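Student: Protein chains in written order, with the working numbering: chain A, 1 to 349; chain B, 1 to 349; chain C, 1 to 349; chain D, 1 to 349.
Source of the hints: derived by calculation from the structure; they are not laboratory data. Quantities reported herein were computed from a predicted structural model and do not represent experimental measurements. Just to be clear, a hint being listed does not mean it is correct.
Which copy is meant is left open, because identical chains are indistinguishable; a pair holds if it fits in one copy or across any two.
[Claimed, not checked] With a cut-off of at most 25 Å between alpha-carbon atoms, the simulated DSS-like pairs for lysine-lysine come out as follows:
{"id": "1", "residue 1": "K298", "residue 2": "K7"}
{"id": "2", "residue 1": "K62", "residue 2": "K6"}
{"id": "3", "residue 1": "K349", "residue 2": "K220"}
{"id": "4", "residue 1": "K57", "residue 2": "K22"}
{"id": "5", "residue 1": "K175", "residue 2": "K336"}
{"id": "6", "residue 1": "K298", "residue 2": "K243"}
{"id": "7", "residue 1": "K9", "residue 2": "K60"}
{"id": "8", "residue 1": "K298", "residue 2": "K114"}
{"id": "9", "residue 1": "K114", "residue 2": "K33"}
{"id": "10", "residue 1": "K11", "residue 2": "K273"}
{"id": "11", "residue 1": "K273", "residue 2": "K349"}
{"id": "12", "residue 1": "K349", "residue 2": "K22"}
{"id": "13", "residue 1": "K33", "residue 2": "K349"}
{"id": "14", "residue 1": "K298", "residue 2": "K11"}
{"id": "15", "residue 1": "K22", "residue 2": "K65"}
{"id": "16", "residue 1": "K10", "residue 2": "K298"}
{"id": "17", "residue 1": "K184", "residue 2": "K57"}
{"id": "18", "residue 1": "K6", "residue 2": "K181"}
{"id": "19", "residue 1": "K184", "residue 2": "K11"}
{"id": "20", "residue 1": "K298", "residue 2": "K65"}
{"id": "21", "residue 1": "K237", "residue 2": "K22"}
{"id": "22", "residue 1": "K243", "residue 2": "K88"}
There are 4 protein chains.
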Amino acid sequence: MPQTNKKSKKKLEYLNSQQIVKHIDIKKYDVRKLVDAMGDMAFQAKNLNRASNIYVKMLKDKSCKIYLTLAGSLFSAGLKNIVVDMIKNNMVDGIISTGAIMIDQDFFEALGFKHFKGTPRVDDNILRDLMIDRIYDTFIDEEDLRVCDMTVAEIANSLEPQPYSSREFIREMGKWLVKNKKGKNSVIRTAYEKGIPIFVPAFSDCSAGFGLIHHQFNIKGNKVTIDSAKDFLELTKTKLNSKQTGIFMIGGGVPKNFTQDVVVACDVLGVEKDMHKYAIQITVADERDGGLSGSTLKEASSWGKVETTFEQMVYSEATIAFPLIAGYGYHSGAWKNRKETRWNDILDK
Amino acid sequence: MPQTNKKSKKKLEYLNSQQIVKHIDIKKYDVRKLVDAMGDMAFQAKNLNRASNIYVKMLKDKSCKIYLTLAGSLFSAGLKNIVVDMIKNNMVDGIISTGAIMIDQDFFEALGFKHFKGTPRVDDNILRDLMIDRIYDTFIDEEDLRVCDMTVAEIANSLEPQPYSSREFIREMGKWLVKNKKGKNSVIRTAYEKGIPIFVPAFSDCSAGFGLIHHQFNIKGNKVTIDSAKDFLELTKTKLNSKQTGIFMIGGGVPKNFTQDVVVACDVLGVEKDMHKYAIQITVADERDGGLSGSTLKEASSWGKVETTFEQMVYSEATIAFPLIAGYGYHSGAWKNRKETRWNDILDK
Amino acid sequence: MPQTNKKSKKKLEYLNSQQIVKHIDIKKYDVRKLVDAMGDMAFQAKNLNRASNIYVKMLKDKSCKIYLTLAGSLFSAGLKNIVVDMIKNNMVDGIISTGAIMIDQDFFEALGFKHFKGTPRVDDNILRDLMIDRIYDTFIDEEDLRVCDMTVAEIANSLEPQPYSSREFIREMGKWLVKNKKGKNSVIRTAYEKGIPIFVPAFSDCSAGFGLIHHQFNIKGNKVTIDSAKDFLELTKTKLNSKQTGIFMIGGGVPKNFTQDVVVACDVLGVEKDMHKYAIQITVADERDGGLSGSTLKEASSWGKVETTFEQMVYSEATIAFPLIAGYGYHSGAWKNRKETRWNDILDK
Amino acid sequence: MPQTNKKSKKKLEYLNSQQIVKHIDIKKYDVRKLVDAMGDMAFQAKNLNRASNIYVKMLKDKSCKIYLTLAGSLFSAGLKNIVVDMIKNNMVDGIISTGAIMIDQDFFEALGFKHFKGTPRVDDNILRDLMIDRIYDTFIDEEDLRVCDMTVAEIANSLEPQPYSSREFIREMGKWLVKNKKGKNSVIRTAYEKGIPIFVPAFSDCSAGFGLIHHQFNIKGNKVTIDSAKDFLELTKTKLNSKQTGIFMIGGGVPKNFTQDVVVACDVLGVEKDMHKYAIQITVADERDGGLSGSTLKEASSWGKVETTFEQMVYSEATIAFPLIAGYGYHSGAWKNRKETRWNDILDK
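Excised from the complex, chain A in its bound form (with noise of 0.2 Å):
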């Protein structure tokens, strides 16, 4: 059973129990007057405003389903009780994220490790001497990060060997961890007890990697496998179960992408559905290198994954406007005559 590793006396003074990473709970602020205010404003206060406002329509529109998704170091910096919370409220239906995001900092912090306030301007060689890891200002133990990925392994081992996507593996992971008492507020057993499907499209670009070719190195015989197409078919069907849909996205990357094509996936499968109605991105990223993170929402329109009508990308970093925009969705209250999807239910059959 993993457990915190003993630290030494020096590897403390990096890691402090008294630097520890605390999630923002969006309940606590009642952020819509301020957010309100920003709308007769200009520039990136505004269009937080409109994407806050956005994000209330979907949550009103009760045709419509919400995926969320997750790229950057979002949960080591404090931001996983938002998700959290969205999951408990019905502000979400699907989600769909980076690996790291969801083992090395949810299910990690799940099995009870943490994540600690550090700082950029440090040397990294002791740093990996002391085998601390560092995410820009915030330092984690290696040690304990390898206690997940072993525990990955041996969810592994304790399956059937058959090919997996990355959400059937999630869920495993998630009734592991309520057999296994742990993670009450983590975001995978939350969404496991709220039939929510959690897909990590890179699965194996994470502690869930190092986990799983532990496994498939070291068993005899069948292995398990993760089927990336499964994930991309399962999402689609997601789409094709729904009548509209609005994306939330934090950060780019293969979560943004793979959540926009699902549009066209229907398309190639002899459905035609809408494009996603709403979507909303926070980014930094830039639209002049022509990366997918920074494109346009206008750009996905081109492709016939996002409606023109309500679209809004917001220049800010995620860790201050998150809170804000998760935060006016949840006080808005518009969540409440949303019901539990349970997507999961559909997909297990």
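Given the coordinates of chain A, assemble chains B, C and D onto it according to the supplied hints.
Tutor: Frame of chain A, contents of chains B, C and D only:
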């Protein structure tokens, strides 16, 4: 057999045969003196010079294998031939890429389709109606892209139904191109011929994904699946097989993270390997949002992934910096003493 | 006497009285708990929290005078009232600004003109034909701006022909506003009434420049001139007059550099003064191009300008971060023990 | 007479004579074919190509005068000789710059001082103790810079006490260099010899400011003053004197705004002139914060300042893009038919 769709007159105004993106040929421009002079300047010119020299160092180091990671919309922007030349001249041993670059762009052009010079100042709704997709200032024909999707489906249909790594699937795409006498100057075919593995860790997040779900949705019985864990295991095996390694990163994203991770992956499999000895990255991403793409190579050192002695980030959009750095490497001639590594031969055993 | 021009019907479509930019009122939103929570997060939320706390420290430090530097199109975006409130509540002792903010935006609104919410996706040629000027997503009436230019000319014509610092000229503009019963809530008038100096080191680079060249071009004999050296001397005198100083910087540019320089200026005049003890900056500028705007406050420390103990940069667009940091300072109440500094009284002697 | 200070041994470790920044010589590298090839690519390579071609167009247009605006720490980074070559070869008619570039960097080197290659990863407190100033990854000797300050004071002391435009003062600095046989390859001296005006609209915001306040603080009676309104009037006169104009902008800031403004200034003086017909800008600034530096040239068009037909922004750090664009212009030979404009002769009348 795929073929360019007949385009409407209106469509031809946007997809003009006089406006085809042409790939730059680094062999033609000896940039060495220019880049040498940059070494006595400051800021990014100096960084570009240092990165170029580190690349030459990698090429000269006989014990060093070289990974190239690709993210961003690089081949649609005219950078494909650089990679082809790097492959042909043993300037790279393994490639890790986003799916869009390899499938939507490289395989797409291998099928005879083109990218067109366009503009970001256009009405995306008009483009969508014409089935024209925009990537910043380039246009492609969505109908051509559908042919690309379906060619992947066709290849999947023709394969033994079992789990494949993305590398294995892309190898089959290379084989298909040879057999169908297509894509002579594509990266996928050239890499296939040179035994160079191409990994796409988020393989469903691109045109391949559309082809694969078409396959899985329509085929009865056992299906082709894409095992992303196998990808990571295979990439790790290439590291296990190498005395020293260097990484040449264009952009960040999953390819950057995935490739840095193999050092730790070796450790997880119980084999201690040196960190990547050399590492250079071209990126416009910023470190201040804590995201992986802009995270410094020093930060990667805290994770035990990259040595700090020979690492250099260059803050530049790739279409400007990649031709200069790769061109410097090419004209140095340092690759002349390198041999084919043919990792595919080892991995296919 | 200036007055809003009658606008054509076509023009009114863009300059819509329902779409006037309104200035945010930080007094209404007690953001303390929200910003406190950010202190246990990471990345820019943590930085924003630390900057807020440093600002409170400045306010509490009885020996500390506070400079506010302003760059970027801040007042057209709804940030004017924050500065007015800072002035009224003794939360700032001196202001250093770009000309556009003070003249084209603050004095402009003092004359009764408005900024209008617009969009960056518009045909600028149409705007030009209508004499509408665009600032990203805001619009103003160029004809109104010409009235602003000419009012400056009128003020210049009324003054004794001699060299003025920008501070002296702006003080005269404040006096003019009082006399003409205009701009009750403008920064220029409020600062005038509170004896707070406003320096615009590049004073001709704005609407004032147009007024001044109109004056110099048309007046016979001696003319009003703007002595930029006197500006620097006067600003240096405020530093000489202070025990400790702190800087609150919004954006970079000339105001940032000019204000940091006064420490060295004291030394050049033969008086050794402490560096700026506190320094915070909100900016999206990047340090990697070597430019001043994005240069770190640590770099400023090498120049002997800023102490490194209490400095913090916040990577955020100003319309989002400035209300939070200034609001935190306001609701802290730490300004209640501060008194008027009235540097103008000293400088006017 | 100024001379390099004797440096301590410790100081020489940072200010190493083997590590002097050397200015790139665009005459040596014929980049035309490389830049031509970029024209068939996409993203910033294509933009760089287009900007280069617009510059050639300016050079070929016999009715067109060319302004060069300079912002950012350009000359400390090795870009000075490009400007010298542009001046010598009639590739520019007027220069508008920040003070730091012209005084702290150009005049500083004219006095025999140097910039040294350094690193941003250094303890700035140690640098300060050694009186070494850091500009990102370059170092200079603060003691040398003080000599530069005092040389400006000396020049001010020697002049007739009256208002000067920055251009007039800088012309005197050029005269001083000739007389003192210094700075043969400086921009200030070369421009002086070629009759090219240099405007520094925020002239006190640099080493000149220190010299000028030393002058004003210590001189009894009448003083030299710097009339920033005269700057604007003189620059406007150069526009009045030109049939067509083009702007080549490196960075943004005051020089960009000031130069764009002259079109409107002509109108204010009652003379209708064409907008700037050509405009190119190299910048990394972003438009999304509404700031001037990153504002698009299309936005400038709404203000009636820049025509939209031949404008192009290039998103690149200047040390990489400026040698390519200016080099393209140089090797095009298009300047060979241009003559000296000698605006100074007109302005000095």
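Student: Against the structure shown, which of the earlier numbered hints fail to hold, in ascending order?
Tutor: Violated hints (numbers, rising): 2, 5, 7, 12, 13, 15, 17, 19, 21; every other hint is consistent with the structure.
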